[in-house]
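Protein chains: 2
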Amino acid sequence: MSRRPRAAIVVTGSELVRGEREDRNGPFLAAEVLRLGLEPERITIVGDRPADLERALADGLVADICLVSGGLGPTHDDRTIEVIAKAAGRKLVVDEALESEIAEVSRMIAERLRRPYSEFTVGVRKQATLPEGATSLGLAGTAPGVVLETDGCVVVALPGPPRELRRLWPRAVESEPVRRVLERAPARGRYVLRFFGTPESAVAQALADAGGDGDGVEATICAREFEIHVDLVVEPGAEERAAALAGALRESLGRYLFTEDERSIAEIVLDLCRERRLTLATAESCTGGLVAARLTSVAGSSDVFRGSLVAYSDDLKERELGVPRELLGSHGAVSAEAAQAMARGARDRLGTDVAVSVTGIAGPNGGTEEKPVGLVFLSAVGPDGEEARRIDLPGDRDMVRGRATAAALHLVRRLLTQT
Amino acid sequence: MSRRPRAAIVVTGSELVRGEREDRNGPFLAAEVLRLGLEPERITIVGDRPADLERALADGLVADICLVSGGLGPTHDDRTIEVIAKAAGRKLVVDEALESEIAEVSRMIAERLRRPYSEFTVGVRKQATLPEGATSLGLAGTAPGVVLETDGCVVVALPGPPRELRRLWPRAVESEPVRRVLERAPARGRYVLRFFGTPESAVAQALADAGGDGDGVEATICAREFEIHVDLVVEPGAEERAAALAGALRESLGRYLFTEDERSIAEIVLDLCRERRLTLATAESCTGGLVAARLTSVAGSSDVFRGSLVAYSDDLKERELGVPRELLGSHGAVSAEAAQAMARGARDRLGTDVAVSVTGIAGPNGGTEEKPVGLVFLSAVGPDGEEARRIDLPGDRDMVRGRATAAALHLVRRLLTQT
Numbered sequence: 001m002s003r004r005p006r007a008a009i010v011v012t013g014s015e016l017v018r019g020e021r022e023d024r025n026g027p028f029l030a031a032e033v034l035r036l037g038l039e040p041e042r043i044t045i046v047g048d049r050p051a052d053l054e055r056a057l058a059d060g061l062v063a064d065i066c067l068v069s070g071g072l073g074p075t076h077d078d079r080t081i082e083v084i085a086k087a088a089g090r091k092l093v094v095d096e097a098l099e100s101e102i103a104e105v106s107r108m109i110a111e112r113l114r115r116p117y118s119e120f121t122v123g124v125r126k127q128a129t130l131p132e133g134a135t136s137l138g139l140a141g142t143a144p145g146v147v148l149e150t151d152g153c154v155v156v157a158l159p160g161p162p163r164e165l166r167r168l169w170p171r172a173v174e175s176e177p178v179r180r181v182l183e184r185a186p187a188r189g190r191y192v193l194r195f196f197g198t199p200e201s202a203v204a205q206a207l208a209d210a211g212g213d214g215d216g217v218e219a220t221i222c223a224r225e226f227e228i229h230v231d232l233v234v235e236p237g238a239e240e241r242a243a244a245l246a247g248a249l250r251e252s253l254g255r256y257l258f259t260e261d262e263r264s265i266a267e268i269v270l271d272l273c274r275e276r277r278l279t280l281a282t283a284e285s286c287t288g289g290l291v292a293a294r295l296t297s298v299a300g301s302s303d304v305f306r307g308s309l310v311a312y313s314d315d316l317k318e319r320e321l322g323v324p325r326e327l328l329g330s331h332g333a334v335s336a337e338a339a340q341a342m343a344r345g346a347r348d349r350l351g352t353d354v355a356v357s358v359t360g361i362a363g364p365n366g367g368t369e370e371k372p373v374g375l376v377f378l379s380a381v382g383p384d385g386e387e388a389r390r391i392d393l394p395g396d397r398d399m400v401r402g403r404a405t406a407a408a409l410h411l412v413r414r415l416l417t418q419t
Numbered sequence: 001m002s003r004r005p006r007a008a009i010v011v012t013g014s015e016l017v018r019g020e021r022e023d024r025n026g027p028f029l030a031a032e033v034l035r036l037g038l039e040p041e042r043i044t045i046v047g048d049r050p051a052d053l054e055r056a057l058a059d060g061l062v063a064d065i066c067l068v069s070g071g072l073g074p075t076h077d078d079r080t081i082e083v084i085a086k087a088a089g090r091k092l093v094v095d096e097a098l099e100s101e102i103a104e105v106s107r108m109i110a111e112r113l114r115r116p117y118s119e120f121t122v123g124v125r126k127q128a129t130l131p132e133g134a135t136s137l138g139l140a141g142t143a144p145g146v147v148l149e150t151d152g153c154v155v156v157a158l159p160g161p162p163r164e165l166r167r168l169w170p171r172a173v174e175s176e177p178v179r180r181v182l183e184r185a186p187a188r189g190r191y192v193l194r195f196f197g198t199p200e201s202a203v204a205q206a207l208a209d210a211g212g213d214g215d216g217v218e219a220t221i222c223a224r225e226f227e228i229h230v231d232l233v234v235e236p237g238a239e240e241r242a243a244a245l246a247g248a249l250r251e252s253l254g255r256y257l258f259t260e261d262e263r264s265i266a267e268i269v270l271d272l273c274r275e276r277r278l279t280l281a282t283a284e285s286c287t288g289g290l291v292a293a294r295l296t297s298v299a300g301s302s303d304v305f306r307g308s309l310v311a312y313s314d315d316l317k318e319r320e321l322g323v324p325r326e327l328l329g330s331h332g333a334v335s336a337e338a339a340q341a342m343a344r345g346a347r348d349r350l351g352t353d354v355a356v357s358v359t360g361i362a363g364p365n366g367g368t369e370e371k372p373v374g375l376v377f378l379s380a381v382g383p384d385g386e387e388a389r390r391i392d393l394p395g396d397r398d399m400v401r402g403r404a405t406a407a408a409l410h411l412v413r414r415l416l417t418q419t
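The listed protein sequences derive, respectively, from chains A and B.
Take the first sequence: its letter number 304 is residue 304 in this note's numbering, and every next letter is one higher.
Take the second sequence: its letter number 12 is residue 12 in this note's numbering, and every next letter is one higher.
Worth flagging that the hints you see were computed from the coordinates, not collected in a lab.
Idealized CB from N, CA, C, for every residue including glycine.
Treat the hints with care, as some may be off.
[Stated by the list, open to error] Residues of chain B placed beyond 12 Å of chain A at every Cβ, according to the derived structure:
1. V173
2. A204
3. D215
4. E260
5. G366
6. A388
[Claimed, not checked] Covered by chain B, per the in silico footprint, the following chain A stretches (three or more residues, Cβ under 8 Å):
7. 35 to 42
8. 53 to 64
9. 84 to 96
10. 145 to 159
11. 294 to 303
12. 367 to 375
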């Protein structure tokens with residue numbers, strides 16, 4: 001098997017290295033290069049200290065391709081280009097065509113801000129200055145994406161704002177130097193298996209029992225909000241072994257397997273409803289709108305999803321969802337009975353075919369010995385029946401709410417696939 | 001000024017370096033060491049290839065403290081301890097006391113899983129094997145946190161699951177070797193200024209006009225969903241200069257300044273309501289429950305927040321929020337008129353003092369020339385009046401929804417602070 005080209009990712013930004021903001025560019029670029037058949041080898045996040053950036057870039061140039069995000073702006077703090085030139089042993093030269101291009105954009109900005117263009121000329125020249133031999137990938141704002149082929153490594157520099165980086169990334173992929181790296185990456189196969197309702201350790205054990213990964217099949221097992229995601233990445237020649245592994249997992253854990261594609265559970269629920277022309281609503285207490293937000297994060301959800309009643313107070317549970325006051329008094333708002341009444345109430349009230357409800361104690365306060373923090377009741381009602389579930393969730397408020405949201409969506413899936 | 005101790009963070013995990021999951025430990029640890037007065041210098045994310053981990057650790061040992069997350073499990077893929085020992089030039093030895101501690105936990109796990117304990121002994125011994133001179137910080141599951149003082153660097157290894165890492169982190173901070181590093185970090189001052197409604201460039205300009213950072217004051221400017229967050233970190237001796245900078249920002253941008261603490265806009269809105277004993281509801285279309293979810297993410301929000309009507313379909317806007325059918329027909333659901341009717345309807349219907357509504361086109365589909373993707377109307381109604389806003393948001397579906405959510409909360413703030 002030929003050696004697969006390796007990618008290093010260098011992300012610059014003081015706010016990122018200080019943990020004031022979470023980096024989105026590193027994971028995006030890593031997933032992209034993986035998809036293109038390269039092996040992501042490291043993501044390094046550094047601030048704008050030149051020495052830190054230099055060290056990260058020197059490490060990055062050891063890979064076959066080095067993707068750099070950020071530090072392309074017009075000010076002296078933006079040092080990526082100068083440090084790349086230094087690391088690659090290239091002179092810095094002004095790209096005249098690029099300079100006119102940036103000047104044009106900057107003139108418009110000057111006009112909009114009502115500042116004299118003369119304030120921009122230094123910045124324009126700085127942004128048009130590239131390492132000798134580098135080419136521009138076009139502009140995002142006034143910052144150019146840049147690609148440079150050095151001895152053994154192709155360096156791509158992209159602007160830091162995630163939206164601008166994502167806009168210029170396809171041009172980087174199409175550039176000659178990057179294409180030559182990609183040609184050295186043989187296509188890999190991939191299996192995606194998503195389980196729900198079984199612990200990560202059981203999936204790991206099933207994988208080990210089936211012979212484990214290795215020999216051209218690389219497995220990753222990832223737990224996310226009760227879902228266990230298994231990815232098998234398959235090198236050329238290992239197709240049979242991978243098919244056998246996937247088959248063994250299907251066999252031993254089939255009843256927990258809910259999809260073999262990358263659709264989220266929200267997408268799956270919407271698709272299940274769409275197939276049967278069912279409409280959907282939610283009634284939420286402790287999740288406070290998260291189930292609805294997750295469903296509506298999917299573009300085109302409006303043909304299925306109608307709305308939600310977030311009834312955070314008992315008063316609204318009674319008045320808007322029709323949960324009987326006596327029920328709230330005898331069983332409490334966090335009970336199987338209340339969950340069922342909420343789901344039925346939402347279905348009636350919002351006039352949908354299917355409704356799902358969540359009521360629980362997200363914490364950190366409000367727990368009792370009988371009903372501790374993390375106790376959640378779910379109910380799903382549809383045209384052919386009902387499903388209910390009680391769960392005890394570990395973790396903090398965010399985790400309880402996130403997991404209860406996932407569990408609510410999976411309960412709808414169960415309701416719609418078991419009939 | 002004495003040199004401030006520097007921290008390197010090494011995060012291990014194949015799913016992280018491949019972008020299959022976003023790392024939470026790096027930002028958490030970076031923010032923690034920053035708070036403790038250290039300077040985070042880099043976050044490196046690597047997979048479980050020993051060579052990659054070795055290189056990342058060798059780089060990390062150049063710092064004064066190196067925090068490593070992940071790779072402490074019982075299997076052969078978990079190589080952090082062995083690589084630390086190698087990088088530090090230490091032998092691996094079994095810690096007998098630690099071995100009994102891990103054995104005890106493992107016996108319970110074996111029992112629960114109904115597996116013979118003999119299957120665990122190799123893993124137990126592996127997890128009790130530490131570099132010579134290292135000490136355990138206690139267990140999370142069966143994995144010990146570990147601290148090791150090497151020549152010039154204190155290495156701390158913590159388990160990868162974020163919850164376990166956060167649980168053991170305080171013990172690391174209290175450990176002797178880490179305390180000695182922290183003693184070398186003089187206390188820093190900090191100013192926090194949060195602006196809304198002005199572009200990042202205007203804040204950067206105001207900062208530059210006031211003399212800019214440097215000379216013991218380090219400024220970071222960060223844009224998040226329309227908010228511009230300015231942090232000034234102040235070295236001993238630079239207090240006056242920092243106070244002058246903060247004063248200049250207050251003066252030039254005072255009307256956009258909404259807080260000088262770290263409360264989120266959701267917390268601020270809840271506090272404003274609480275002070276005046278007002279209750280709050282939301283009526284949401286394109287945000288699909290996100291405003292309610294943001295408010296209820298704050299613990300204790302139930303004394304203010306009552307509920308939400310997510311009316312995704314026009315039908316529900318009419319029936320549940322009382323938006324007149326004629327209004328929807330003449331102005332459309334995405335209009336200032338519909339937003340106002342939604343907010344008024346939610347206030348009436350859910351019986352609160354204050355309500356805020358959002359209606360817009362989140363995209364990617366559904367836009368027209370007259371009403372393009374990103375067009376959002378907001379309305380807030382309270383006991384003393386109303387506020388309305390129209391915004392045109394750039395970006396994809398997630399960004400439009402996120403920014404509309406922030407704008408809705410800020411509209412409530414404006415409603416409650418202008419009267």
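Now the hints, each set against the structure:
1. No Cβ of chain A comes within 12 Å of the Cβ of B:V173; the nearest lies about 15 Å off, and the non-interface call holds.
2. Not every beta carbon of chain A lies more than 12 Å from that of B:A204, the smallest distance being close to 9 Å; the non-interface claim is violated.
3. Its beta-carbon lying about 15 Å from the closest one in chain A, B:D215 satisfies the requirement of being farther than 12 Å from that chain.
4. No beta-carbon of chain A comes within 12 Å of the beta-carbon of B:E260; the shortest separation is about 16 Å.
5. Interface exclusion of B:G366 from chain A breaks down, the closest Cβ pair being 8 Å apart, not more than 12 Å.
6. Non-interface status of B:A388 relative to chain A is upheld: no Cβ of that chain comes within 12 Å, the nearest being about 22 Å off.
7. Counting residues of the region 35 to 42 of chain A whose beta-carbon sits less than 8 Å from any beta-carbon of chain B gives 3, enough to reach three: the coverage restraint holds.
8. Interface restraint, the region 53 to 64 of chain A with chain B: holds (3 residues with C-beta to C-beta distance below 8 Å; minimum three).
9. Judged by the Cβ-Cβ criterion of 8 Å, the region 84 to 96 of chain A is not covered by chain B as claimed, because only 0 of its residues qualify and three are needed.
10. With a cut-off of 8 Å between beta carbons, the region 145 to 159 of chain A has 0 residues touching chain B; three or more are needed, and the interface restraint is violated.
11. With a threshold of 8 Å between beta carbons, the proposed coverage of the region 294 to 303 of chain A by chain B holds, since 7 of its residues qualify and at least three are required.
12. Judged by the Cβ-Cβ criterion of 8 Å, the region 367 to 375 of chain A is not covered by chain B as claimed, because only 0 of its residues qualify and three are needed.
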